[in-house]
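2 protein chains.
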Amino acid sequence: MLPDIKNKRVLDLGCGFGEHCKRFIDCGAKKVVGIDISEKMLEVARNENSDPNIIYINMPMEKIAELNEQFDIVVSSLAFHYVEDFEGVVRDIHNMLDTEGIFIFSQENPLCTCHSGGNRWTRDELGNKIHLNLADYGIEGERESVWFVNNVKKYHRTFSTIINTLINAGFSIERMIEPLPTDEILEQYPDYKDLFHKPDFLLLRVKK
Amino acid sequence: MLPDIKNKRVLDLGCGFGEHCKRFIDCGAKKVVGIDISEKMLEVARNENSDPNIIYINMPMEKIAELNEQFDIVVSSLAFHYVEDFEGVVRDIHNMLDTEGIFIFSQENPLCTCHSGGNRWTRDELGNKIHLNLADYGIEGERESVWFVNNVKKYHRTFSTIINTLINAGFSIERMIEPLPTDEILEQYPDYKDLFHKPDFLLLRVKK
Chain A
17 MLPDIKNKRV LDLGCGFGEH CKRFIDCGAK KVVGIDISEK MLEVARNENS DPNIIYINMP
77 MEKIAELNEQ FDIVVSSLAF HYVEDFEGVV RDIHNMLDTE GIFIFSQENP LCTCHSGGNR
137 WTRDELGNKI HLNLADYGIE GERESVWFVN NVKKYHRTFS TIINTLINAG FSIERMIEPL
197 PTDEILEQYP DYKDLFHKPD FLLLRVKK
Chain B
17 MLPDIKNKRV LDLGCGFGEH CKRFIDCGAK KVVGIDISEK MLEVARNENS DPNIIYINMP
77 MEKIAELNEQ FDIVVSSLAF HYVEDFEGVV RDIHNMLDTE GIFIFSQENP LCTCHSGGNR
137 WTRDELGNKI HLNLADYGIE GERESVWFVN NVKKYHRTFS TIINTLINAG FSIERMIEPL
197 PTDEILEQYP DYKDLFHKPD FLLLRVKK
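If you read the sequences in order, they're chains A and B.
17 is the number of the first residue of the first sequence in our numbering; add one for each residue after it.
17 is the number of the first residue of the second sequence in our numbering; add one for each residue after it.
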């Protein structure tokens, strides 16, 4: 999914501990800006993944226009399902990218983000997951969930809303992936077979 | 979803009784070719929706390259989930379209086509659908189902396979819709509320 990163200016939205930022520099990126809403995570990033060409900034995605900078590549790993104003952030990303700039992101799959309560799975008597209890896929918006702490807010959008929002902002869709385990992975982690019922993630690469 | 059809050459894949073909002519299309695998349906089309500028041809979608003709618009309504070689047909459509030609189609939503047996829904004690029993979404390929007759073969593809196949053939994605009922429709047909659990259809408009 990642294009050649050599000599590129990269913006990482929701960079967390900065592992990806460091990797981009190791792969030849000219400059990397990592933003995250968690100052605690950025402290770790500055300690463990620092580099003269990486800047870590404590900032919510909704404010990136304030960076007032141009980039060649914008990446984001598993953060967009926490963003309420997807449309606004995508528009800002489009503005901040140079011509032919690439935006690559992953988020929870819409088959996950739609979950609005109750048991996510139906299991057989042995506890095996036999199907996903899918409801409210067409009802977009806020969902409350538990992720380390209670009341983490996520936002559900359908596949078509995600695609159309990117297109409306001026992007062209280049690739979409819903990762599934290979046979080798399944041999090592047999529980991953449940991903064939519901892929956990969605990856998209789009171009300005 | 439909572009201006005036003076355009239109190909309708799986035209059935030809209602759409006739409508295209009424909207100013220069020429319409409707193909269908069912000669019985085409007989009705020729009787009820004929026009000097419509040609109805009994032909499976997999053979359209044999038409050896160029079109401005290719449309298809609820037929692609019966097509095994989606990739091949999409490539043929791309070849048959003039520059900037438009391909618009609907098919069953992947949340429907993945169904591989058993109860599709879990219901409460009153019979209301409370969630879709979603399984095998990530397992693509043939499904057997009942539609008027037994053993109708359908083919399941994930959202990402559909999108990537179109892109790989050279199309750019313009719009994707998973139709949901409006409040007015819901008032008239309350059962359509179940579409918020699982949209029945998927529509895509792509451009050469």
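Just to be clear, a hint being listed does not mean it is correct.
Intra- or inter-copy, both count: the list cannot distinguish identical chains.
List time: in silico DSBU-like cross-link candidates among lysine-lysine, alpha-carbon distance up to 30 angstroms [claimed, not checked]:
1. 46 to 224
2. 56 to 38
3. 145 to 209
4. 224 to 209
5. 46 to 209
6. 209 to 79
7. 24 to 169
8. 56 to 224
9. 145 to 169
Hints are computed from structural coordinates only; laboratory data are not their basis.
Tested hints:
1. 46 to 224: Only inside one copy: residue 46 and residue 224 sit 20 angstroms apart there, 35 angstroms across copies, limit 30 angstroms.
2. 56 to 38: within (18 angstroms within a copy, 64 angstroms between copies)
3. 145 to 209: both (10 angstroms within a copy, 27 angstroms between copies)
4. 224 to 209: Result: close neither inside a copy nor across copies, 36 angstroms intra and 37 angstroms inter.
5. 46 to 209: Neither. Shortest intra-copy (40 angstroms) and inter-copy (52 angstroms) distances fail the 30 angstroms Cα cut-off.
6. 209 to 79: neither (39 angstroms within a copy, 37 angstroms between copies)
7. 24 to 169: neither (33 angstroms within a copy, 48 angstroms between copies)
8. 56 to 224: neither (33 angstroms within a copy, 48 angstroms between copies)
9. 145 to 169: Answer is both; intra-copy 26 angstroms and inter-copy 27 angstroms each pass.
Violation of the numbered hints given earlier is confined to hints 4, 5, 6, 7, 8; the remaining hints are satisfied by the structure.
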